[in-house]
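Sequences listed follow chains A and B, in order.
Residues in the first sequence are numbered from 0 upward in steps of one, following numbering that gives the first Met the number 0.
Residues in the second sequence are numbered from 0 upward in steps of one, following numbering that gives the first Met the number 0.
Keep in mind the hints are simulated off the structure, nothing from the lab.
The C-beta atom is built at its ideal place from N, Cα and C for all residues, glycine as well.
Please note that the accuracy of each hint is not assured.
Example chain A residues on the side facing chain B (calculated, C-beta under 10 Å, incomplete) [what the hints assert, rightly or not]:
(1) 29
(2) 31
(3) 32
(4) 36
(5) 43
(6) 46
(7) 48
(8) 51
(9) 492
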Amino acid sequence: MARRDGSLTAGNAALALIGLVAGGAAAGLFLAGLADPAGAIDAFDARLAGVIGFTALQALLSTTLSVGLAAPLALALNRHAEFPGRALLLRLFALPMALPAIVAALAVLALFGRAGLLAAIWPAMGGGEWPGVYGLPGILIAHVFFNLPLATRLLLAALSSAPANHYRLAAQLGMGEASVFRFVEWPVLRAALPGVAMLVLMLCLTSFTIVLLIGGGPAATTLEVEIYQALRFDFDPARAGALVLAQVALTGLVAAFAGAREYRAGNSAAMSRRPARRPPAAFAIADAGFIAAAALFVIAPLAAMAASGAHADFGRLAGEASVRRALATSLGLGALAGLIAVAAALALASARKTLADRAAPSAAVYGRAAMLILVVPGAALGAGWFLLVNRFADPGQFAIPVVVAVNAVMATPFAFNVLRPVHDSGRDRHDRLCAGLGIAGWNRYRLVDGPMLVRPLASAFAFAFALSLGDLGVIALFGSDAIQTLPWLTLTRMGDYRVDDAAGLALILGFVALAAMALSDRLARSENP
Amino acid sequence: MRSVLPIPFLAVVLAAPAGAAETLTIYTYDGFTAEWGPGPPIEKAFEAECGCDLVFSTAVDGVALLNRLKIEGERAKADIVLGLDTGLIADARETGLFTPHGVDDTMVKTPGGFADDMFIAFDYGHFAVVYDTQKLAAPPKSLKELVEGDPAEKIILEDPRTSTPGLGLVLWMKAVYGDKAGEAWARLKDRVLTVAPGWSEAYGLFTKGEAPMVLSYTTSPAYHVIAEKSERYKAAAFTEGHYLQVEVAGMTGKGAENPLARQFLTFMTGPGFQDVIPETNWMFPAGKTAKPLDPAFEALVKPEKTFLIAPEDVAANRKAWVDEWLAAMGR
Chain A
0 MARRDGSLTA GNAALALIGL VAGGAAAGLF LAGLADPAGA IDAFDARLAG VIGFTALQAL
60 LSTTLSVGLA APLALALNRH AEFPGRALLL RLFALPMALP AIVAALAVLA LFGRAGLLAA
120 IWPAMGGGEW PGVYGLPGIL IAHVFFNLPL ATRLLLAALS SAPANHYRLA AQLGMGEASV
180 FRFVEWPVLR AALPGVAMLV LMLCLTSFTI VLLIGGGPAA TTLEVEIYQA LRFDFDPARA
240 GALVLAQVAL TGLVAAFAGA REYRAGNSAA MSRRPARRPP AAFAIADAGF IAAAALFVIA
300 PLAAMAASGA HADFGRLAGE ASVRRALATS LGLGALAGLI AVAAALALAS ARKTLADRAA
360 PSAAVYGRAA MLILVVPGAA LGAGWFLLVN RFADPGQFAI PVVVAVNAVM ATPFAFNVLR
420 PVHDSGRDRH DRLCAGLGIA GWNRYRLVDG PMLVRPLASA FAFAFALSLG DLGVIALFGS
480 DAIQTLPWLT LTRMGDYRVD DAAGLALILG FVALAAMALS DRLARSENP
Chain B
0 MRSVLPIPFL AVVLAAPAGA AETLTIYTYD GFTAEWGPGP PIEKAFEAEC GCDLVFSTAV
60 DGVALLNRLK IEGERAKADI VLGLDTGLIA DARETGLFTP HGVDDTMVKT PGGFADDMFI
120 AFDYGHFAVV YDTQKLAAPP KSLKELVEGD PAEKIILEDP RTSTPGLGLV LWMKAVYGDK
180 AGEAWARLKD RVLTVAPGWS EAYGLFTKGE APMVLSYTTS PAYHVIAEKS ERYKAAAFTE
240 GHYLQVEVAG MTGKGAENPL ARQFLTFMTG PGFQDVIPET NWMFPAGKTA KPLDPAFEAL
300 VKPEKTFLIA PEDVAANRKA WVDEWLAAMG R
């Protein structure tokens, strides 16, 4: 029991970190809001109801599409564990989320925009002039571009945590694909789906740049836009705080409606090697087609991004002090925030599992509830902390810890979703055995859990790292002299007409994220043959 | 990259307490101090003149700059705040942090004239519709033609809730259409491809070729001519006139006690500062330059009439006017 309670302590520490980041920001906003509480009440009017409605609608549709396509895609990739380019494809799938929204949006428009590839071939196909995708369709496409690869990676990680001997048994029993799905894949998929769907939902709920840029006009307005306006343009902390609360409440509500409950994974076991699967020819062809289509959908915009980035003068960029500094800052920030995020995620997963095994309802707090931090905009966290710190010190000196902590906390839910499936199935398999053998504490981590978790830990770190290369919102008030990241520099160059520089920097950013993924794959393989 | 990781972190921590008496602290926006922005050469020129240390501290843009001042209040370290625009002046005055500068600014010239006891203009630009000559043979010649023109020829706008140019067009429409601005917006709506969150996003979309027109500045084509040797993008001259954006700097109460502050404001109106502005900030210099501007600037659209609504009126009506825009465009 001692170790289990230890896991609760660590989990509580992780919760405390998240609570501190969120609570400090909330305190800052509301203490400032006390001076003028009217704004908080004024925030809620008839127009806001429409905004909330649209926010929920686009988020639900985006999530349904993204996760609805990601599940079959992950299953197809799970059926075919070996094909040329599979590893590269999965690494490329990690790119969209590392890119600033504006870069990703321009990449998507290179395919679907009025000056995009489709616009060039549409008339030839007899379709007349391509109208572009501005409006809800464009928002959905861009959100699927962002979230389909993310959800696919997370679900595939869950599927690969299904016990190998189940696959072996299924093969020996001569089960068809339908039975394998039902008895082997569905249980783990079902356990992972709510968490992944919730994550995607939160990302879509808080979408800002994409909604405004591709939405076609203010009819497409999300709560995030209102928060941004209240915080940045009107500077009304009370109103911003009230809107953030509304956004958190909306997320909870939508999640409850969508039935995002905690599922228990079926009993899982061994992580040993799986037998190669030989799906029937019809499956193989359908899978190949599906994987190819999804790959094209994700890779084509990335290729467009790379093509426009190729015009950049990399020699000059590499020689610029600001570029080197931003690269170093992004790497440092990503590494630090990534490490903290992975540690926090592991602590949360461990505490959640301990409580879930005791059927304690509080288990959900360590899982879903900790994810709610994602719907608090980085700009609100940053501004809240700036307001709070300013009460007793010069905020500039706190910029770095705040930026690191906010990035770490925002990356934690992603790391949590990567770690949880493998962590839980390992615990199910080993808890009794270890108790019987009296292996506990550090020895257990070293001998049992550690080797098994190396791969997901490395992968979770790469995820968190890529995400933390630079959040733009946090530093809005702290100022760039405090911390200058690559995404920040990319936007600055765009704001200074230097579009080629911006495209080149985005490409560098993509390469950094890709390298992190490749490195984590290699690390995992060498540690865990 | 291996060994330099912690340096940017350390550098910031170490740099913070390094101030002595001979320091001038200026709050400004990011773009101003960017590697290619006006900040670096201006810092060099002023430091050579005063033998002091000029320290820039930034916020992401003019609006964030004002917010930072509101939050920091008396704690603000700024002697000078540089980079607010005319739309923000009323709010800035209300913070009570600024003090009359007492500097001779008679050689500072802006269209329509801008004189204030607390703020001095350092550059200006007119908002304009910039168009792609390869896609649009006959650009609109007036705001009216823009509003009533072919909806198939699209324009990209910025959102007045999140960006200065976006608010600029709302004010421009108000200045031209008055009470009928709502109707004009409703008419323009079909021509609007999309409303971007900020200038960077809108202009990025425009140069990708998504639409033949974008809301920008009369000075935008100068960048393309000088930096890219391209005549492709032009600003459309509107017969009604153009709305003006003036960027200003002001001295804080703290700065009034630092003799360097007034010295800098005087420096700001002269060639050491003004020469740098056109080709780094891509705006027109408000003060005296030592040499004539690049011919590309002479070739730009010169508005015959300038609109500028008084800062106090903007502050009082901004919410109502943006709501009017929302009602017309959100339908």
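A quick look at each hint next to the structure:
no., hint, verdict
1, 29, "violated (14 Å)"
2, 31, "holds (8 Å)"
3, 32, "violated (12 Å)"
4, 36, "violated (17 Å)"
5, 43, "violated (15 Å)"
6, 46, "holds (7 Å)"
7, 48, "violated (13 Å)"
8, 51, "violated (14 Å)"
9, 492, "holds (8 Å)"
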